[in-house]
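Residue strings, one per chain:
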Amino acid sequence: MENSMKRRASLACAGAFMVFIAGSLLLLHPYSPTFPAVVQASDLDDPCSEAMVQVSTSGAASASGSVAGGDIVPVRSLADPYPSLHSVAVDPENNRVVMSDSNRGSVLFYERTSAGSSSKVTSPKWQVRGPATGMMFIAGVAMDPARHEVFAVNNDIGDRMEVFPYDEEGNVKPKRVLLVPHGAWGVSLNGGRDELAISIEHINSVLVYRREAAGGEAPLRVIRGAQTGLADPHGIAFDVATNEILVSNHGNWAPLTQEEASEGGLQGGRFALPSITTFPAEAKGDVKPTRTIQGARTELNWPMGISVDTAHDEIAVASYGNNSILVFHRTDNGDAVPVRVIHGDRAGILGPMGVAIDSKNDELWVTNYRDHSAVVFPRAAEGNVAPKRILRNAPVGTPAVGFGNPGAVAYDSRREEILVPN
Amino acid sequence: MFARLANGNSGPVRVIEGQGTKLSRTMHGIAYDPLHDEMIVPVHLAGALLVFRGDAKGEEAPIRVIQGPHTGILRPETTALDLVHDEIYVGEDGGKDILVFPRNANGDVAPLRTIRGPKTGLDEVRGVAVDPVRNLLVVSSRSRKAPTGLFIFNRTDDGNVTPRAIIAGPRTGIVRIRQIVVDPEQGKIFVAVKNNKESYRWDAASPSPWNPDEPGFIGVWDITDNGDVLPRAVIKGLASGLVWPAGVALNSEDREIYTIDSVRNGMFTFHTPEFFRKKTN
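Going line by line, the protein sequences match chains A and B. Residue numbers for the first sequence, in the numbering used here: 1 to 422. Residue numbers for the second sequence, in the numbering used here: 1 to 281.
If you're looking for bench data, these hints aren't it; they were derived computationally from the structure. We treat Cβ as the ideally placed atom computed from N, Cα and C, and that holds for glycine. Be aware that one or more of the hints could be misleading.
[Unchecked claim] With the C-beta cut set under 7 Å, the calculated list includes, among others, these residues of chain A facing chain B:
1. G69
2. N405
3. G407
4. V409
5. L419
Given the sequences, and given the hints that come with them, work out the whole structure.
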């Protein structure tokens, strides 16, 4: 291996090279209030890829010589410069909507009525983002209309929940930080009980904390165990009126340790059907759910966010795998058929991750992870219907790269494709 | 799945997703088998290894699933293929082990071999790769109590065995480590040195992920290296764009290195002929 690398010089390409470097620097400072330009590395077919590059080396000498390589510029880089809309929460009292952005680690605040019917991009009213926030792979969000606070949980990096005041903007420190177990996905606030509930994928658990819990504070209650039916839990709704906790489950389960694998006989991983499990608010330990919606007729397919509408006694679920919003009776149990489904090419639902019912304004919000958009329907919308409003955060047709803390890569030499599990 | 030449803000050319695929989140490994045109993905949250057709897309079911109490799989993190000996390797963080199965294994089958135990030094296994030419197995492992680095075993090792070499220590630059790949032609190990500093303890605050103290890099070592040694080559620095590289893959034909970065939520391609053996046409 060569100790240093010189590539052929071409003054004509110097400009392009500088542009690329500028792009790299933009990427390295991802806290800009505006979205940075996409970094366009020179293509291999581009003669500028052979531009003069004296690649720096570390200069450190090893027993066998210098360290080769160095600060090499990528020839291609793939990233989404726009937020990926993850979860959504609505505050009809203050006419605010908040969405989490798992791509760029931000929380976006919109006016409740800000979405429109045109193809224009809607800018957020405020955006909280940056190193001081501690947010990165942000997942679930919740709002406290009474105290004007937003709760956001980090899923796969950070292991914390941050609380921000409504009116904060930019690179700000959270008002409170609560350290939570790895794999937190959903968060829901119960103002009546002054508590919040968080779902944790990796340990198949629901943790209930004081609303103002902070630091390393322990949960008040933990729902976890074989009888709970919790299996890769995602969305969570901690309902005030019914005093219940509803959880959407993907159905995946595996022992964490050799000891757990040996509990009650040898256990391995398993796939169950996805489900919606309901628990009393006071539930703790290894308790059976009071109700479980599960079965082939439910149409559940990677159920993500969940929202409860006690005014109409219904629950809505973002069913990512079949690009649908499924609505059930709140008290459904077993292999229940949804009372309504929003699905179809006119609906504009693509990879729905979050859902929020606004019963005051008779609306239903959906965030699309596979499209740079959120869509708003009449609460009772059904079938292949167009949304009444669309909120776009990128121009129409902008691809959604879809990375969310990617952890591996492989190369398919037959198809010349790069494979990324996400 | 992205086209090799995808650049900028490009969408995938294919996506495998949905309940019927049995995929989940937290998939930190993947391997492609060009001989049989198959993809192998560990599913951490369901204790399973899924094998898909090479051109699978949409809500397509896997053609084979290794899962169950007899497999010994708890939470699989990473995987690798040995097409010379027709075997699949699975590395686990929770299980702190390496499990080896026949390549075409299916269902609740026992592993052919298991590397696990205190002598191995393995803790949270994050990457695995095989050199079938030299009959060596390389494992990346992260630990709070034991060395974090590369552990090199004989390919056919089984049980509670001592590694023949460990590449770890301050000179290596390895703080946290993820996916690895071996180029058997050269006897080189390519390593995604993520160097993310996070705490998963409830009572210990995590440093902000936006402020990594030790930026990650792609490091290359010889498979014969041992101890606290500098990498033979690196891709590291501001212009590289890397902060927390979590994955690495090679395309020897086009002399390219692919890496995926979990802070950037991005994928980077490096054209580095100097990292590969010179072509002899």
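Checklist entry - Would the stated hint for L419/A survive a check requiring a Cβ distance to chain B of less than 7 Å? => result Holds, about 5 Å.
Checklist entry - Taking the least C-beta to C-beta distance, is N405/A closer than 7 Å to chain B? => result Result: holds, 5 Å to nearest chain B Cβ.
Next on the checklist: Tell me if the interface restraint on G69/A is satisfied: Cβ within less than 7 Å of some Cβ in chain B.
Outcome noted: 4 Å, holds
Next on the checklist: Does the closest beta carbon of chain B sit nearer than 7 Å to the beta carbon of G407/A?
Outcome noted: 4 Å, holds
Checklist entry - Against chain B, is V409/A within 7 Å by beta-carbon distance? => result Cβ of V409/A sits 4 Å from chain B, so the hint holds.
Violation of the numbered hints given earlier is absent; every hint is satisfied by the structure.
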